[in-house]
Amino acid sequence: SSSSSSSSSSSSSSSSSNPWGGKSYHQLASGDLLESNPEEGYGFWLACLDSYRQAQFHEGYNVIKKWKKDKEKGESAHKLQERVYKSLKENNKFASLCADNGVQYDLQQERENESLPGAVFCYTSNVDGHFLRSHLFSPLQVRFFLFFSSAFLSLPLSFHFNSKVHEIHGSTEFWACSTPCCSLLHTYPPSPTSSSSSLSPYLSSSSLACLSTLPKCPTCSTAFLRPAVHMFEDNKTTLIHPGRVSYESWRRELMRLLKEEREEREEGDGERAPRLVILEIGAGRRVPTVRMHNEGLLRELGEEGRLVRVNKDDVQKKTTSLMKDIHAE
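Under my numbering, the first residue of the sequence shown is numbered 1, with each subsequent residue one higher.
Take the hints with a grain of salt, since some may be wrong.
Derived SDA-like pairs (lysine to any residue); straight-line CA-CA distance at most 20 Å [said to hold, decoys possible]:
hint	residue 1	residue 2
1	23	51
2	23	234
3	312	275
4	216	35
5	236	168
Pair ranges (Cβ atoms, derived) [what the hints assert, rightly or not]:
hint	residue 1	residue 2	range
6	96	66	24 to 30 Å
7	74	212	34 to 40 Å
8	220	112	35 to 41 Å
If you're looking for bench data, these hints aren't it; they were derived computationally from the structure.
The C-beta atom is built at its ideal place from N, Cα and C for all residues, glycine as well.
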């Protein structure tokens, strides 16, 4: 059995109080605002980053961590890990993306440590980086550009990448050229676990950014760096993160494994079929990307898939209605 944990984009920084003139979350999290009013746009994203870094992790992370540990011990999990290893080893795009973004990724070492995607994969639209910061999925050693004002250093620090996690809308911990002139990712100073005071040089008030101190892209030296997050009305090129390539390899190999074991079972040689459980947590309808993805995956899985939808704000009256609707199409 396998599971995938998902949740919707967070907007905690704008829910309790709104110092941005009553603008909605949709308006604030817009790529247009960064260009039309950069002081306000960057001020919003810096406030989000501050809020995400100060957030305390609730007990749900420990519950999922326990389930994850239990599921990663099975034979099917090891089979899938081996398939993913071979797939990523042959995937030039994965290797080049890791190299381009400074990810020091030792595929062989990950294989020996049984750290490659197997029974569990996290597919999330959250941009807070909490699945990695909570150590539910441990981040790897990454060499990245640390920027502070106009100074740039290349330092080996523990940062946000894990081949079992795909942050589909990006992360506020990653920043990229706003033009963009290249595909390099950078991190906001001084570290992903810093206190809010470390961001004060970049804010002229509680809601506005100080543009004179915002870092610029080290490649072109002219454009500001911006959060590598897919925003509303965002016309910038969506950067391809190594996590996306890793997820695509895992999903492809999962489907192949399920097909082979189904054929063996039909011939009388196989045991009970493994199933994929999609554990969907808090995925709302405002940004339905995760819900749509999971329903599409459920269609592809057929009888070998189960969707557990956890959402106190969107309770379905019948537990079987979704499955009937999907399989009827």
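Problem - Proposed proximity, residue 35 with residue 216 (alpha carbon, max 20 Å) - result: Holds - the C-alpha atoms of residue 35 and residue 216 are around 15 Å apart, at most 20 Å.
Handout entry: 20 Å limit on alpha-carbon distance, applied to hinted pair residue 23 and residue 51
Key = Within the cut-off at roughly 18 Å; holds.
Handout entry: residue 236 paired with residue 168 [C-alpha distance capped at 20 Å]
Key = Holds: residue 236 and residue 168 sit about 15 Å apart, inside 20 Å.
Exercise for the section: Using the beta carbons of residue 96 and residue 66, state whether their distance is inside 24 to 30 Å or not. Expected result: About 36 Å separates the Cβ atoms of residue 96 and residue 66, which means 24 to 30 Å is violated.
Practice task
Hint says 34 to 40 Å; check whether the CB-CB distance for residue 74 and residue 212 agrees.
Solution key: Once the Cβ atoms are compared, 55 Å apart, the range 34 to 40 Å for residue 212 and residue 74 is violated.
Handout entry: Given hint residue 234 paired with residue 23 - CA-CA distance at most 20 Å
Key = Measuring from Cα to Cα gives roughly 17 Å; hence the hint holds.
Practice task
Take a look at whether the Cβ-Cβ distance between residue 220 and residue 112 falls inside 35 to 41 Å.
Solution key: 40 Å, holds
Exercise for the section: Could you grab the alpha-carbon distance between residue 312 and residue 275 and see if it respects the 20 Å cut-off? Expected result: Violated, because 25 Å separates the two Cα atoms, which is more than 20 Å.
Violated hints, listed in ascending order, are 3, 6 and 7; each of the other numbered hints is respected by the structure.
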